[in-house]
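A.B. asks: Letter by letter, the chains look like this.
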Amino acid sequence: MGRFKHFINIIILVALSTVGLRFLFEYIFALPIAASAEAGPIDTLFDFHYWMIALLFSLIMVLMIYAVFAFRRADDDETDGPHIHGNKKLEIAWTIVPTFFVIGLGIWGAIALNEITRPKQGEMVVDVIGKQWVWSFKYPEQDSITSGELVLPINRTIVLKMNAEDVIHSFWVPEFRVKQDLVPGRETTLRITPTMAGNYRLRCAEICGLNHTLMEADVRVVSAEEFQAWVDEKSAAPAFADMTPEERGAYWASAEGFGCVACHSQDGTPSVGPTWKGLYAHEAQLADGSTVSVDDEYIATAVHDPNAQIVAGFNPNIMPQNYVEQFTAREQEIGEAEAIELDITADLIAFIKTLQ
Amino acid sequence: MFRTLRILLSSALVKGIVGQYVAWALGYGFIAMLRSFRGQPTPWLYEPAIAFGALMSVLGFLLAAGVLTDWLKWIVGKRTPLVHGAPEGKPEWSRYFNVDYNHKVIGIQYGITSLLVLLVGGLFAIIFRIELAHPGMQWLTNDQFNTLFSAHGIVMIASILLGVGAMVNYLVPLMIGASDMAFPRLNAFSFWVAIPSVFLILTGMAVGGWDTGWVGYSTLSLRAPLGIVLFLLGFWVNGFSSIASSINMLVTATTMRAKGMTLFRMPIVVWGAAAASIIQLTATQTVGVALTMTVAERILGLNFFDPSGGGNPILYQHLFWFYSHPVVYVFVLPGLAVISELLPVFVRKPLFGYRWVALSSLGIALVGFLVWAHHMFTSGMADALRVPFMFSTMMVAIPTGVKFFSWVATMWEGKIPRNPPTPFLFVLGAISIFLIGGVTGPILGTIPTNLHLHDSYWIVGHFHATMFGGYIFPFFAALYYWYPKISGRMYKESLGKLHFWLMLPAFWVMSIGQMSVGLLGMRRRVADYDAALGITTTQLLVTLAALVIGWSVLIMLYNFISSARTQPAADINPWRSRSPEWQIPSPVPEFNYNVPFEVVGEPYDYGLADSAYTRDLVPAPSGD
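Order-wise, the sequence lines are chains L and C.
When the letters of the first sequence are read in order and numbered with the working numbering, they come out as residues 77 to 432.
When the letters of the second sequence are read in order and numbered with the working numbering, they come out as residues 203 to 826.
Honestly, the hints are just simulated from the structure, not real lab data.
C-beta atoms are modelled at their ideal positions from N, C-alpha and C, and glycine is treated no differently.
Don't take every hint at face value.
Unchecked claim - Label pairs and their calculated CB-CB ranges:
no.	chain 1	residue 1	chain 2	residue 2	range
1	C	Ala227	L	Gln402	16 to 26 angstroms
2	L	Leu166	C	Trp276	47 to 57 angstroms
3	C	Ala227	L	Pro346	29 to 39 angstroms
4	C	Gly338	L	Asp419	39 to 49 angstroms
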């Protein structure tokens, strides 16, 4: 067979393989539904990349497999192939062409990135706080309401201002496509414009310790009216003065409060920390072999200085050791706003007592 | 039987292990003693004492094994002859358990250790892959899962570095016509210091494990359980092996080449090894710094990364990736060089564009230093920083493309065996898998698509393809190809083919499956996943594929062990290679070439009649 005939065969096979693979990618490389405006330029770029993956994979594989069959030698053929050292023009070509190609791809990437990250009209800020292993959200433009689920109005660009309290976490809702780490000590920003109402899941994408797998939160995209209704309902929540200590304790324990629930179950399920069910007034076996009766004083110590009395079977250094400061700050903040003297520790103890 | 046991028990390996844990206890006791002077009790598993003991344990291993003996004798002015062959009265095999200075012995020590460590790391993967076969937690806790995947990463890296050491140590002196490496004692040190480092990491798993992955990002690393200190120190100690062996390799290749072997007449493996060594020599220190800073922050209370004391957690990532991205090329450059070395032999044609292929290794090494921050595209870097890193990252495609194009051009119009022998199959498989890794790279390089794929299983699929295509498959190709040279016997071809035809399709399924679930929302490093993602079937397939890969590797080991005893002696040059190591008997004599050779032609001039790469160097007639 002449070189020309090989050339034609290769072109046909590469073309067929490229189209076939691209078709196959619709199934094996399917993306989740696109639910944000940012997904638009990203998915366009995905589509182009898929074509290039199909083409480049086909090109090399077809050449290789074709050669294996077209240039087979008999087992007893001990002669050598033609003595071809190289070809300057070819070598220059397969260096220069990819160079221009990757520069072009880089420019495309930069333009698309700018489209995703640039500030847009009518933005709304939501604060995101990540800590082991719970998410919470604060709406500074809506009376600073706090929430354990992320509720977003549709078709409005949300600026997520994100802070991590302990270790690095990462915000990822696959349907929105974009991802951003939360880094302790600095605020990071992510823009999302939800375009499809529905329920999604936010999952932490950066390993953040023991229960990384479980660091999730619900995300709900709703119409502007529904969003306003949700905000009104949240704002109308009873003032702390009108709540019983038990109710306040349940609130502090939730993701909106201090996220105790991330590690302490309320139904007896074993987790990172001891369950709160039946905790009060039982005899706890400590890691140093002694036993202690769980009373108000013990719980207060366990919250304020977690390493002081570690319960047998649990690890030290997991629970944050700054709850005294966190509580004091919150007590002052709410105390000034609502003219009330709060004792968060006492509320928590009252709540724990109810879990028998 | 008793004699075998006695020789084993008195070997450097066993002495070293005993020495390591004795020194560990002494180091721990020393800290406990200091504390008791001040009236402080030392709790069980007290971290500073464990860490100090760990450092002492490495010294203990090296001293007890005798790795440092010659150097210590030099300090007091004693001469030490370089001993060759087995110690007196001991069998030849005992050399492999003792400190030996011959590069071939050390190469084989590296290789066998690499395979053992590969089995350990592979077993970790199998254990947590079974957990992932089905949604819900089946037989592991989050704690165990985190430790297993973290250890899988670092143990595999240790195995790969050992495997690279095996190829470099065994092949480079042979290929350049040297009788040994430039610094035989340093060579032995490079190998032996890696052993206690692996033990440190494995011990770390037993004393609480750690949950940071192999990257050990701050500030999580500051809060992780005790095991992380041993992981960090083990990683750190392993760096000495890399640095020492790269110096040795570079000095050997620059000063000990045979007469006539100019740079562009070096076998391509030497180019690959040199490029990898340059990276190891210049990058390992930065990860050493990052690891040291983490240990110092945990134990000495210094503050580098914790923002509550004014530190910056992103600093760790920069220091870490400045090494850990280039090190990927330490893994793959020798592997890619093996592909370039074997292809011409099997297709009976010169390596297409030899110079450009050789220089592309240096090109990859150079560009590899400029791309580290692409691991941090979602870390919160300003666009003004991440966009330049996007462009530099895309540049990696250029020298990598050169290799692929040169390989297929080498095959074109060649004389390709109708019934390909196992090493050639592994070369073809390596190209196909490295291609998967290669073509799935640019989509990670452009930032907008990266924002979706970052920290997803797409990454897991991508880098397993680059590691298997760039290292595992070429390494296995090299093992099969040079097995007759090393052992003097031919492996069993049928078992080799079985290994290949199990492993190749299984790997394709595994890596494409991993990418597929990543696109749909599967995160990295999670012990469990939501059945609602619709990835359950694919996850099961990935686990089954991993099991097949595991079994196929066991078939290879069985093949090598049984063939060494039962197979007939191999021909001197079964592959009809031009390379000098195939022109001398197998196994290779103690000092390699009884008659030195000179280079008189090109290394890969297959098809050029009456040409040779080397010929025996006839000593000039003395006097008149």
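A.B. asks: Confirm or reject each hint.
C.D. replies: For each hint, the structure was consulted:
no., hint, verdict
1, Ala227/C / Gln402/L: 16 to 26 angstroms, "42 angstroms, violated"
2, Leu166/L / Trp276/C: 47 to 57 angstroms, "55 angstroms, holds"
3, Ala227/C / Pro346/L: 29 to 39 angstroms, "34 angstroms, holds"
4, Gly338/C / Asp419/L: 39 to 49 angstroms, "40 angstroms, holds"
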